[in-house]
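Here the protein sequences come in this chain order: P and V.
All residue numbers for the first sequence refer to this note's numbering, where the first residue is 38 and numbers rise by one.
All residue numbers for the second sequence refer to this note's numbering, where the first residue is 2 and numbers rise by one.
Hints in this document: simulated from the structure, not taken from any laboratory.
Idealized CB from N, CA, C, for every residue including glycine.
Watch out, some of these pointers could steer you wrong.
[Stated by the list, open to error] To give a feel for the contact side, a few chain V residues facing chain P, derived at Cβ under 10 Å:
1) ARG91
2) ARG121
3) GLU128
[To be verified] Pair ranges (Cβ atoms, derived):
4) P:VAL187 / V:PHE157: 54 to 64 Å
5) P:LEU346 / V:PRO156: 51 to 61 Å
6) V:LEU115 / P:ALA211: 14 to 24 Å
7) V:ALA33 / P:ARG248: 28 to 38 Å
8) V:ARG10 / P:LEU346: 53 to 63 Å
9) P:LEU138 / V:SER57: 20 to 30 Å
10) V:ALA134 / P:LEU64: 29 to 39 Å
11) P:ALA211 / V:PHE157: 38 to 48 Å
12) V:ASN41 / P:MET153: 48 to 58 Å
The residues making up each chain are set out below.
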Amino acid sequence: MLRRFQGAPLLLFAGLAILAQVALSTLKADFYLTQLTMAAWYTLVALGLCLLMGYAGQVSMGHAGFFAIGGYTAAVISTAGAPAWLSIPAGVVVTAGVALLVGIPVLRLRGHYLAMATLAFGFIVSRIILGTPLFGQADGISDIPAYHLVAGLAITGRRALRVQNYYIAWAVVALGLVLALNLVRSRTGRALRAIHGDEEAAAASGISVARHKLAVFVLSAVYAGLAGACLAHFNGGIGPGEAGIMKSVRYVALVAAGGMANLWGTLTVSAALTFLSLRGAFGLLDDAVFGGLLVAIMLFAPQGVFGLLRRQEKVP
Amino acid sequence: MSEPVLRIRDLHHWFGGLHVISGAAFSCAPAAVTAIIGPNGAGKTTLFNLVAGTFSPVRGSIVFDGKAIQGLPSHRVAALGISRTFQTTRLFPGMSVLENVMVGRHRRARGGFLPDLGGRLFNGREESRMRRACMDILESLGIAGLAEQEARSLPFGRQRLVELARALASEPKLLLLDEPACGLNPSETEEMARRITAVRERGITILIVEHDMSLVMGISDRVVVLSFGSVIAEGTPREVQANDQVVSLYLGAGAGDEGDDREAARA
Chain P
38 MLRRFQGAPL
48 LLFAGLAILA
58 QVALSTLKAD
68 FYLTQLTMAA
78 WYTLVALGLC
88 LLMGYAGQVS
98 MGHAGFFAIG
108 GYTAAVISTA
118 GAPAWLSIPA
128 GVVVTAGVAL
138 LVGIPVLRLR
148 GHYLAMATLA
158 FGFIVSRIIL
168 GTPLFGQADG
178 ISDIPAYHLV
188 AGLAITGRRA
198 LRVQNYYIAW
208 AVVALGLVLA
218 LNLVRSRTGR
228 ALRAIHGDEE
238 AAAASGISVA
248 RHKLAVFVLS
258 AVYAGLAGAC
268 LAHFNGGIGP
278 GEAGIMKSVR
288 YVALVAAGGM
298 ANLWGTLTVS
308 AALTFLSLRG
318 AFGLLDDAVF
328 GGLLVAIMLF
338 APQGVFGLLR
348 RQEKVP
Chain V
2 MSEPVLRIRD
12 LHHWFGGLHV
22 ISGAAFSCAP
32 AAVTAIIGPN
42 GAGKTTLFNL
52 VAGTFSPVRG
62 SIVFDGKAIQ
72 GLPSHRVAAL
82 GISRTFQTTR
92 LFPGMSVLEN
102 VMVGRHRRAR
112 GGFLPDLGGR
122 LFNGREESRM
132 RRACMDILES
142 LGIAGLAEQE
152 ARSLPFGRQR
162 LVELARALAS
172 EPKLLLLDEP
182 ACGLNPSETE
192 EMARRITAVR
202 ERGITILIVE
212 HDMSLVMGIS
222 DRVVVLSFGS
232 VIAEGTPREV
242 QANDQVVSLY
252 LGAGAGDEGD
262 DREAARA
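Using the sequences provided together with the hints, build the complete structure.
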């Protein structure tokens, strides 16, 4: 199981991504690429949360807060005349810093209490954004310029760069996935899973529980912050809705539906559902769909949607 | 006589108004098996938890390998070279036998978040070294064939051995075994006794809490009798068995067998 060739699913993933782009471009339906690109950035948040929640067993009901911190930091910096390259790195660094400061006290709590505390954190971020003129209050921040990477590559929503942005976003997701897969299969990953299973036994094995929890919390927030910063540049704007409680619930629902400790499952579910949601497939019931999904998964399929299939195979 | 590996002096601990450990004092000689026995509620498991760092004692000293460890958190105690098993086995769910043992070896391997994000290119050599060492431990306990099985799906007796393997993976100087025979059938108990003796022959000091008297008397070099949180007798198994106070504690009060049953039922 541990020695199996890990490249095959990645090749399949890359193949599907290329196939989707080629098909959509040929069919002159490449407006779908915009939502697929946005879905990629949201999926990055879900992958980070999957590490924290699925593997280390620490619930965060405030991940939209980290996404918003990354996004708003990038937005403020790139519209305030600071050096243009600074916005995304600053978004990531500020998110990591906030996660560190929040994580130290909050991660002493367990289970429901941790969920409550992170929920409160998300709520605080949301209210600060709504109440601060620097962050544009209810209007958010618009006119965020393109973020230039190298050699003509830029994170931007301009139509001419639609295809390259699709690939940039999914390449970053693939990188985030590979790093996460490496982590969960390593000594650190085993330590995180051990903490999830039994904190006391993990500590008795010499694992510093507090340090590992904090590290994965910060890493998870970095995924969210990077996604927020990149999506702010892609959309050219960011609004307070990104920090909303229902957004945090949505990320939790995606990880739960993906099967908790299942990075590939989270990726698949997140890409599909986020895309449908962005296309407006759920209409006015958008938030209700994700809330309902979370409840349904908890009640009927705690192993996630793929766990349902697997269980049917396994029944003797 | 050589310096003891563990020396406990005047140890006190209470939960609320309940004085669980009151002035316990004893030591563990190197590469010997020291057993703690005593009736239900004598404070044996609490004593273990104090040594392992789960609780911090209200008063007293615990010196391990010349270093005062009372009050240190359990991961630091483990890092210094004390491993433990639990009264009810506590293997990590969703992980294979080998992975469980590899967690036990956490402190013996180098690495960190960043190399682990990088994958095999950065941690490959350390990972395979760790895997080999853990397979050797499984081999030595005769359970290498179970390496890829999910640990918690194994029969109870096997789980006990996996937990022992996990505790040994850190190459501890002192091994704390909390009722290793609890829930085992006679033949499994016999196997466990053989394994414990083999561990001791590798030079590892062992402190054991156990109810199975035949196991205790068979493998222990020294027996410490605990009652109401203090040591009331100490000596070789033979000496302790001949001690009137111990006999009355177990038999005279008429609660010996009953107490054992209760303890067994509780576990």
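Hint-by-hint comparison with the structure:
1. ARG91: Check passed: Cβ of ARG91 of chain V comes within 4 Å of chain P, closer than 10 Å.
2. ARG121: Given a least distance of 8 Å, the restraint on ARG121 of chain V holds.
3. GLU128: 7 Å, holds
4. P:VAL187 / V:PHE157: 54 to 64 Å: 59 Å, holds
5. P:LEU346 / V:PRO156: 51 to 61 Å: 29 Å, violated
6. V:LEU115 / P:ALA211: 14 to 24 Å: Given range 14 to 24 Å: holds, Cβ gap about 19 Å.
7. V:ALA33 / P:ARG248: 28 to 38 Å: The hinted range 28 to 38 Å holds for ALA33 of chain V and ARG248 of chain P, with Cβ atoms some 35 Å apart.
8. V:ARG10 / P:LEU346: 53 to 63 Å: 60 Å, holds
9. P:LEU138 / V:SER57: 20 to 30 Å: At roughly 27 Å between Cβ atoms, SER57 of chain V and LEU138 of chain P fall inside 20 to 30 Å, so the hint holds.
10. V:ALA134 / P:LEU64: 29 to 39 Å: Given range 29 to 39 Å: violated, Cβ gap about 56 Å.
11. P:ALA211 / V:PHE157: 38 to 48 Å: 43 Å, holds
12. V:ASN41 / P:MET153: 48 to 58 Å: 39 Å, violated
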